[in-house]
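Visitor: Single-letter residue listing:
Number of protein chains: 2
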Amino acid sequence: MILIKLGGSVISDKNVPYSFNKEVVERIAEEIAHFYPAEGFILVHGGGSFGHPNAKEYNIREGLVGDMERKRIGFSKTHQAMLKLNDLIIQVFLEKRLPAYSVSSSSIFLIENGHIVYGDVEVLRRLIEKGFIPILFGDTAIALDKGIDILSGDQIVSYLAKMLKPSKVIFLMDVDGIYDKNPKEHKDAKLLEEIKEIPELEGSAGVDVTGGINNKLKEAFKIAKYCDVYFINGKVKGNLDKAIRGEKVGTRLRF
Amino acid sequence: MILIKLGGSVISDKNVPYSFNKEVVERIAEEIAHFYPAEGFILVHGGGSFGHPNAKEYNIREGLVGDMERKRIGFSKTHQAMLKLNDLIIQVFLEKRLPAYSVSSSSIFLIENGHIVYGDVEVLRRLIEKGFIPILFGDTAIALDKGIDILSGDQIVSYLAKMLKPSKVIFLMDVDGIYDKNPKEHKDAKLLEEIKEIPELEGSAGVDVTGGINNKLKEAFKIAKYCDVYFINGKVKGNLDKAIRGEKVGTRLRF
Numbered sequence: 001m002i003l004i005k006l007g008g009s010v011i012s013d014k015n016v017p018y019s020f021n022k023e024v025v026e027r028i029a030e031e032i033a034h035f036y037p038a039e040g041f042i043l044v045h046g047g048g049s050f051g052h053p054n055a056k057e058y059n060i061r062e063g064l065v066g067d068m069e070r071k072r073i074g075f076s077k078t079h080q081a082m083l084k085l086n087d088l089i090i091q092v093f094l095e096k097r098l099p100a101y102s103v104s105s106s107s108i109f110l111i112e113n114g115h116i117v118y119g120d121v122e123v124l125r126r127l128i129e130k131g132f133i134p135i136l137f138g139d140t141a142i143a144l145d146k147g148i149d150i151l152s153g154d155q156i157v158s159y160l161a162k163m164l165k166p167s168k169v170i171f172l173m174d175v176d177g178i179y180d181k182n183p184k185e186h187k188d189a190k191l192l193e194e195i196k197e198i199p200e201l202e203g204s205a206g207v208d209v210t211g212g213i214n215n216k217l218k219e220a221f222k223i224a225k226y227c228d229v230y231f232i233n234g235k236v237k238g239n240l241d242k243a244i245r246g247e248k249v250g251t252r253l254r255f
Numbered sequence: 001m002i003l004i005k006l007g008g009s010v011i012s013d014k015n016v017p018y019s020f021n022k023e024v025v026e027r028i029a030e031e032i033a034h035f036y037p038a039e040g041f042i043l044v045h046g047g048g049s050f051g052h053p054n055a056k057e058y059n060i061r062e063g064l065v066g067d068m069e070r071k072r073i074g075f076s077k078t079h080q081a082m083l084k085l086n087d088l089i090i091q092v093f094l095e096k097r098l099p100a101y102s103v104s105s106s107s108i109f110l111i112e113n114g115h116i117v118y119g120d121v122e123v124l125r126r127l128i129e130k131g132f133i134p135i136l137f138g139d140t141a142i143a144l145d146k147g148i149d150i151l152s153g154d155q156i157v158s159y160l161a162k163m164l165k166p167s168k169v170i171f172l173m174d175v176d177g178i179y180d181k182n183p184k185e186h187k188d189a190k191l192l193e194e195i196k197e198i199p200e201l202e203g204s205a206g207v208d209v210t211g212g213i214n215n216k217l218k219e220a221f222k223i224a225k226y227c228d229v230y231f232i233n234g235k236v237k238g239n240l241d242k243a244i245r246g247e248k249v250g251t252r253l254r255f
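Residue numbers (this note's numbering), protein chains in the order written: chain L, 1 to 255; chain E, 1 to 255.
Check the hints yourself; a few may be wrong.
Identical chains blur together in the list; that is why a pair holds if it fits in one copy or across any two.
[Claimed, not checked] Straight-line distance between alpha carbons at most 20 Å, and here's what the computed DMTMM-like set of lysine to aspartate or glutamate pairs gives: (1) 130 - 62; (2) 77 - 95; (3) 77 - 87; (4) 96 - 69; (5) 84 - 95; (6) 146 - 122; (7) 225 - 112; (8) 130 - 69; (9) 130 - 145; (10) 130 - 112; (11) 96 - 67; (12) 77 - 26.
Quick caveat, the hints were computed from the structure, so don't treat them as lab data.
The structure displayed is predicted, hence computed values, not measured ones.
All chains should be built: construct the whole structure from the sequences, respecting the hints.
Guide: Structure below.
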């Protein structure tokens, strides 16, 4: 079983509110269809331009403080916006005859300090067993510390990798992999084809409410203990296909 | 804490696909707003004209048999249709400044023979504790017996009543309560103001994929062991208000 993270910047343009890169998602679904049902899949997607504007407007990361009525309403609105993005992805997969099935992250996870500390994956196991492709998403979540918070897609990937032990975890990004510097700011940035320890990186390609590339790598190294981890450009045709086959593409983490 | 079931025929016209009785839901939200936040609430709604047409078209109740690809896709489509109805309800509540929060039933429950046999309510407890009004819904669900099946809103109510022990469970219907016969077919049908045992009833007011009035009553009597149970007309202004206050309205179950 393969766990795939669809980065928010792959499926959506972070600078255009409520934008959806339908053609990119169609192509990703087509590449998954080369392997399904012989291979099982579970997907997690980021917030893109659906989740982040709401999360910022209501300052969800701050927790359940201040104007509580407004906070609670913003918390719910952010979740509903994420469900809309999730629905767009689900519909693309169904059109491609792939049995994607929506699972609401906030219905099953409790978090603390941004990390999942409680999560029941029994339903996910059964969905996969029955031939479905569960699709979860970065979401609002009840937090033991702050009351409410944002749960990033990367945290979900990290948790699911530990609990479900996929053979492979593939992160789809809008750049070719992990670079020694931010490739969007530095022309001389060098792609790291294989990394064995967490490198010191300068800044992130695009800033979001859930932490950027350094956090992503920290989480990915935890996962690499259990399975192969790839970072690839999800916007380039054929990349996902290559990563699933285990061919050389993007950045691979190895211990 | 009060558990409310919004019958599918209250929030939607079962004969008009994808119809939503927005004004009815607005009025229900307004009556809840008289009591929230002093009183906590959790809601479950039925499928109405969103869930049933899909569930029937793909014959979900039959289980994961026959054309499995089509079955899986229909299962997912039915869930997405329910999420759309749920979103319409959530938006009405948010407009009324009530912090409704969507919880996907199929993300937390496993069923067998139509009954919930596994369900993690920890997230629901926390949502209520933090002042939210969780709104669940009749949904598709993974079934231990048939692979996939439909989970009715009434089954969810029954399970939540046992697990969360609300002080009161109120069923909103499109008739005034429980009658000795189907009031839509018999003019001489008599409203039963109080019932102490399961009566023998003839047929159901409206047929749906999840069982009708006899099933509803059987489940309700299980609940009545734990709390007060009301059946009221959700389309009549002031009824919900009265039931919450404990005034005489509709049908009340008493042991």
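Visitor: Can you give me the call for residue 225 and residue 112, within, between, both or neither, at a CA distance of at most 20 Å?
Guide: Neither: 23 Å inside a copy, 37 Å across copies.
Visitor: With identical chains, the pair residue 130 and residue 62 could be close in the same copy or across copies; at 20 Å between alpha carbons, which is it: within, between, both, or neither?
Guide: between (39 Å within a copy, 15 Å between copies)
Visitor: Using 20 Å as the alpha-carbon threshold, which applies to residue 77 and residue 87: within, between, both, or neither?
Guide: Answer is both: 15 Å inside a copy and 10 Å across each meet the 20 Å cutoff.
Visitor: For residue 130 vs residue 69, is the C-alpha pair at or below 20 Å within one copy, between two copies, both, or neither?
Guide: between (41 Å within a copy, 11 Å between copies)
Visitor: Are the CA atoms of residue 77 and residue 26 at most 20 Å apart within a copy, between copies, both, or neither?
Guide: Cα proximity of residue 77 and residue 26: across copies only (18 Å, versus 27 Å in one copy).
Visitor: Since the copies are identical, ignore which copy is meant and state whether residue 96 and residue 67 lie within 20 Å (CA to CA) inside a copy, between copies, both or neither.
Guide: between (44 Å within a copy, 16 Å between copies)
Visitor: Reference check for the pair residue 77 and residue 95, CA-CA at most 20 Å: within, between, both, or neither?
Guide: between (27 Å within a copy, 11 Å between copies)
Visitor: Please sort residue 96 with residue 69 into within, between, both or neither, judging by C-alpha distance up to 20 Å.
Guide: between (41 Å within a copy, 11 Å between copies)
Visitor: 20 Å Cα cut-off: does residue 130 pair with residue 112 within a copy, between copies, both or neither?
Guide: Classified as between; 15 Å across copies, 32 Å inside a copy.
Visitor: Regarding residue 130 and residue 145, is the shortest C-alpha distance of 20 Å or less found within a copy, between copies, in both, or in neither?
Guide: Answer is between: at 12 Å across copies they meet the 20 Å cutoff, but 36 Å inside does not.
Visitor: Checking residue 84 and residue 95: alpha-carbon separation at most 20 Å within a copy, between copies, both or neither?
Guide: This pair counts as both: shortest intra-copy Cα distance 17 Å, inter-copy 18 Å.
Visitor: Using 20 Å as the alpha-carbon threshold, which applies to residue 146 and residue 122: within, between, both, or neither?
Guide: For residue 146 and residue 122, the Cα distance is within 20 Å only across copies (17 Å; inside one copy 27 Å).
This entry does not satisfy hint 7, going by the numbered hints stated previously; all others are met.
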